[in-house]
Structures are given as C-alpha cells and as structure tokens.
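Assemble chain B onto chain A, guided by the hints.
In the order they appear, the protein sequences are chains A and B.
Per this note's numbering, the very first residue in the first sequence carries number 1; after that it's consecutive.
Per this note's numbering, the very first residue in the second sequence carries number 1; after that it's consecutive.
Take the hints with a grain of salt, since some may be wrong.
Said to hold, decoys possible - Quick list of in silico lysine-lysine cross-link-like pairs, DSBU-like style, CA-CA up to 35 Å:
#: 1; chain 1: B; residue 1: Lys150; chain 2: A; residue 2: Lys229
#: 2; chain 1: A; residue 1: Lys421; chain 2: A; residue 2: Lys40
#: 3; chain 1: A; residue 1: Lys278; chain 2: B; residue 2: Lys15
#: 4; chain 1: A; residue 1: Lys138; chain 2: A; residue 2: Lys14
#: 5; chain 1: A; residue 1: Lys278; chain 2: B; residue 2: Lys150
#: 6; chain 1: A; residue 1: Lys278; chain 2: A; residue 2: Lys61
#: 7; chain 1: A; residue 1: Lys229; chain 2: B; residue 2: Lys142
#: 8; chain 1: A; residue 1: Lys333; chain 2: A; residue 2: Lys298
#: 9; chain 1: A; residue 1: Lys61; chain 2: A; residue 2: Lys421
#: 10; chain 1: A; residue 1: Lys138; chain 2: A; residue 2: Lys52
#: 11; chain 1: A; residue 1: Lys53; chain 2: A; residue 2: Lys142
#: 12; chain 1: A; residue 1: Lys96; chain 2: A; residue 2: Lys142
#: 13; chain 1: A; residue 1: Lys74; chain 2: A; residue 2: Lys96
#: 14; chain 1: B; residue 1: Lys150; chain 2: A; residue 2: Lys96
#: 15; chain 1: A; residue 1: Lys61; chain 2: A; residue 2: Lys96
Quick caveat, the hints were computed from the structure, so don't treat them as lab data.
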Amino acid sequence: MTGARSFVVDDREKGIFLLDREALVSDEVLRGEMRNIFAKCWIYVGHGSELKKNGDFHTRKVAGRPVIFARDGKGQVRCHLNTCRHRGALVCTERKGNTRRFNCVYHGWIYNNDGSMARVPGDEAYTAAFDQSTFGLKAPAKFESYRDFWFMNLDPDAVSLVDYLGAATEYIDLVVDQSPSSTMEVISGTQEYDVNANWKLMVENSVDDYHLPSTHSTWLNFMANSGVKMEPSKDPALVLPTHGLAIDLGNGHFTTDNVNFRGRPVAAWIPIYGEDAKPEMAAIREELVQRVGPDRAKRICDTNRNLVIFPNLVINDGSSVTIRTFYPDGANKMQVTAWALGPVEESESARARRLDAFLTFYGPGGFATPDDVEALELVQQGLANYTDDRWSEMSRGMGREGEQLNSDEHHLRTFWRHWDKMMTGAQA
Amino acid sequence: MSAGMSAGIANVAVKRAEVEDFFFHEAALLDEWRLKEWEALLADDATYFIPPNDDLEGGHRGTLYIISDDRERIRQRIIRVMDPNCHAEFPRSRTCRLISNVRITGVEGDIVHAAANFVCYRYRRYQREFVYVGSYQYALRKTGEGFRIKERRVLLAAHELGQLGSVSFIL
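Okay, chain A solo, but in the shape it has when bound (with noise of 0.2 Å):
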C-alpha cells in the first residue's frame, strides 16, 4: 500500500532525526499501520510452552485479533480465529483450558480443536451447495515458530518466519540457551495493563536506556539500598554505569546489548538474592560453562538485551526475561500483556529467585514499570499540543561513528526508519 507521506526527517548528513508527532496521535495512521503493518508482519501470539497437553487452549487477542492458540488432539499447535463461520459469535469465551471441542452458543455449531468442523445442528435444512467440510474455523494465512514462540501472519505472501527474524535469531537463541535443555516455559500469572499512549511509545520505551536514570531514580535507590554497587561510570559519554551498545538487526528488528550491573537470574548473582543464592548461582554457571563454553555463559550470564521483533513484541532478558507484546486501542491507547519466561528445569528455590527478581523491576507492580506507564502517559497527554510543537527530537548519538551505545537513540531511529518504509510502502 503506498500513499502515505514520510513522517520522518533523516537528514544524515546534518545528523538530525526528527519525528513528525502527527504518527503518535492520528486515527488515520493507525487506520494505515492496521494494513501495512500488523496485516503485513509476523506477529507474536504464544509461546509452545503455555500448550502443554493436546487439547489445551488459550484465547487472547493478538493484534486486536480475537484467536484461539491452541494444541490439538495430535499434538499440534494451531491458531484458529476465534469467530463462528456461522455468524461470527466467538466460540470460545473461556481465557484457558483444555477441551476437544468448540461449541458456538449462539446457534451450536461445533468445532474440533485441529479448527476442522464437527457438527452444524440440522444440516438437512441446507442445500448441496453448503459443504459443511469447508466451515472449519479460519486461520490467519501464516502460523510457524522460532525455538517454539509462536508468530501468525495475515499475509499469504510474507516470508517465512525465520528468514523474517533474520540476525534476531541469535539474540532469542541467548535466551533459550540458558536452559539445558532448550526448553523454556511460560510461568503462570499474566500481567495484562493498558497504557494510554501510543503503542510505538511502548517500543521506544522498552529499548532506551537514556531515560533510565531520570525515569527509574527510585529504582536505582532501591538497587543502591540493597548492596548493589552502581559506580557511575568514567567515561563521559555512558549515562549508565556500565557499557552497553544499540544493534541493527535488520528488517525493523534491533536489541540493546548491555554489560550486565544489575544481577541475572541466570548468573549473576547480587546481593538482593541473599548469601543462601550463591551455591546454586554458581552451579548454574557452571552447567553453562560446561554446555555452551565459558565465552557464551559470560555472554548469556553477564550481559543483558531488550530485544524488538518489529513491530510489537519485546523480550527483555535483564532483571529476570519477559515476553511483553502490546497491541493499540486506539491511537492514544495500548493494552499491554507481559510473561515471565523460565528455564523449564529451574529448582523451586531458582524458580522464587526468578520471579522476585522480575518484580524488583517490571510490572504493574514493579519498581520501575509504572514509571514507565506514567512517562508513556505524560508524553501522549502532551502530543495534544502536536499541530503547535511539531517534532520529536531522536537525534541522539548521530554523529558517533562504528558502534553505537544503547544510551543514544540509534535502535530507535532503526524502528521509525523501517516504520516510516512501511507506512509509505517505500522497497525495503
């Protein structure tokens, strides 16, 4: 789809990146971003691990989408949409459970949980021409996985997943790498809370470490309160006290890749885990050591990523993982769904550890999240005033040469190019 204007003004050689502000208040480009991007990219909407038995089954909504993940009889995980053939009912009103069947209640159509239908009641009412066969539940046209995160995607024409996620890749294998087995697991307890702003703030917002400091003071005097040494570091050019960098990943995607200070559940210990950790840390270290090499387990052990799959999905491996996707109600408005992501073999006690390290930082309760949601609010509530105050400045960091810093604002000027291609429907 072409037509829309630029939103951006990439002038490289001044080293100035300005955003027009219309594109975080406007219906209309919403209205755009519906078909060119969440109908054109591959869009998170389940990790295998929710899906442990055949049968069981989760509805949520994925890009405003009302959908059934689910793992049928045979064991294979599916992406139905939850709509009657019928007359569009949604057949499953239940957040999860496990079942062979999908019972519309408006008239009683039924359908198997492979999508396929199973019964419409008094089908002698219709003519030949009605292929009861053909009714089964409709899928969006793409549904694959990477290292089991499932991605659905409306366009019969998109590329595979994989070769969509390109350098992305390796950035999710770090994360799966730190179980032993491959195997990460989805830990019960959703976190679901609406932001009201624009969803694209949400992306900047989980990627930007400049505003970590100002945003997150509380946070660090909680981290300093508890033993947690944060010296500021000496070179100028670093807010945070450790180096960190922003990275390319191609096709809209990119990370922050950061030397770790704040503690890892897979392994770095700090002092807000207690002394009774650090047997267990240490021997979690050394089972990485052993498994993937002592280069690796420091990367995965002492470096932490936010990482961005364009357009909406983050996985941020920092103070424990989450997997948090967000999708807009509106312009002005997004609903946000995070989970906490574990190895499947953690102990009880690494398990606890885990997600108390998770709550030192993110989410609704957390100690840095709703300082977030409240700075996500204060910027939409002052793009009122957009027709007046025009331009977001981004220009950070754009004269530094080679690598580029996770405190600059190069990963996110990565996104507003790749949106902007989108939005214009310029070649990649």
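Leaving out everything else, chain B in the frame of chain A:
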C-alpha cells in the same frame, strides 16, 4: 482456616468489631499517605501479596504475581512511593477506600485470619479515575499493643488489570 491450637498458644479471643476497627484505621492511614504509621502496623515477618488476576490461587514462589513483598521489600516500597521521583505517584494519587463484609475466617493461636471486601477509588490529575475492587485476606497477629499484620493479600475482582494500569501505591 481451621480453628484450634497452634504452637501451643491458646486461641485468642477476638470480635469482628475489633478487626473492623483495625481495617478502618489502616484504610485511613493508607488514604492519608501516613505510610510510616502504617508500617508500624506490620509484624516483623509481614508479607504483602497481589496475585495475578488470572491465577489467584497460585503460590508466590512459582507464579508471577503483581506484588510479592517480604518485610524488607515493603520497607523499600514505602521509600519508593514516598519519593517525589516515584513519577507514577507524583503528584500523589488521592485514594478513598471503602471496606465492607468483614469476616473472621479462623483463629490459630495468636493469629486471626480475617477477610473483607473493598472498593478503592484512585484519582490522579486531569480527572483520571481508577476503581480497584476486590477482597482483602489478612493474617493478623494479636498482641498486647493491638493487631500486627502478618500477611496482607489483595485479590482483584477484575479479569485483568486492564484500564487500572498500575498498582503503584499501597492498595
């Protein structure tokens, strides 16, 4: 919650009105942001839990909670929310909580288990209004100086937090 002997301590006598008075006093301290005084109501082993809306029964060591604080984390939470740099609470929310349906659900030695329903209205600037509805479940230790909170558990009635956004104050 079974009534009966626990750790050799005879069950304390307790009336619903005592528990109710305690809840009303606590609610006033929280609504008035007198959090240091509120902290003085906590037992040394106090915990504060908000389980996730979709798994109210799961244990906090194996389920991702919204809040799962031990005594030290509650202390840190108070420091955080009283700091003007806790942006989610600056300017501070104004809250008004109504507590009802107070019940004593069991007595074990000096521990009184009690439950109540609540509605907590939270207002921020520009007419932003949030209504938290649910139930409180308490384990209260009865001491010579009154009740001390051993466990404070908040069960949210909503299917998801949704438009409530954050729980950045003491709910």
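**Request:** Starting from A:Lys421, check that the Cα of A:Lys40 is at most 35 Å away, please.
**Result:** At roughly 13 Å apart (the allowed maximum being 35 Å), A:Lys40 and A:Lys421 satisfy the hint.
**Prompt:** Has the given pair, A:Lys278 with B:Lys15, been kept, meaning a C-alpha gap of at most 35 Å?
**Reply:** violated (46 Å)
**Prompt:** Holds or violated: A:Lys74 with A:Lys96, Cα cutoff 35 Å?
**Reply:** Holds - the C-alpha atoms of A:Lys96 and A:Lys74 are around 19 Å apart, at most 35 Å.
**Message:** Run the distance test for A:Lys61 versus A:Lys421: straight-line Cα separation, threshold 35 Å.
**Reply:** holds (26 Å)
**Message:** Hint check: A:Lys138 vs A:Lys14, CA-CA at most 35 Å. Holds or violated?
**Reply:** violated (50 Å)
**Message:** Need the status of pair A:Lys278, A:Lys61: alpha-carbon distance at most 35 Å?
**Reply:** violated (41 Å)
**Message:** Need the status of pair A:Lys53, A:Lys142: alpha-carbon distance at most 35 Å?
**Reply:** holds (23 Å)
**Asked** Are B:Lys150 and A:Lys229 close enough, with their CA atoms no more than 35 Å apart?
**Response** holds (31 Å)
**Request:** Would you mind confirming whether the straight-line C-alpha gap from A:Lys278 to B:Lys150 stays at or under 35 Å?
**Result:** holds (28 Å)
**Request:** Measure nothing beyond the straight line between the CA atoms of A:Lys96 and A:Lys142; if it is 35 Å or shorter, mark the hint as holding.
**Result:** Since the Cα atoms of A:Lys96 and A:Lys142 sit roughly 23 Å apart, the hinted pair holds (cutoff 35 Å).
**Prompt:** Taking only the CA atoms, is the gap from A:Lys229 to B:Lys142 under or equal to 35 Å?
**Reply:** violated (40 Å)
**Prompt:** Does A:Lys52 lie within 35 Å of A:Lys138 when you go C-alpha to C-alpha?
**Reply:** holds (23 Å)
The structure fails to meet hints 3, 4, 6, 7 and 8 from the earlier list, while all remaining hints are met.
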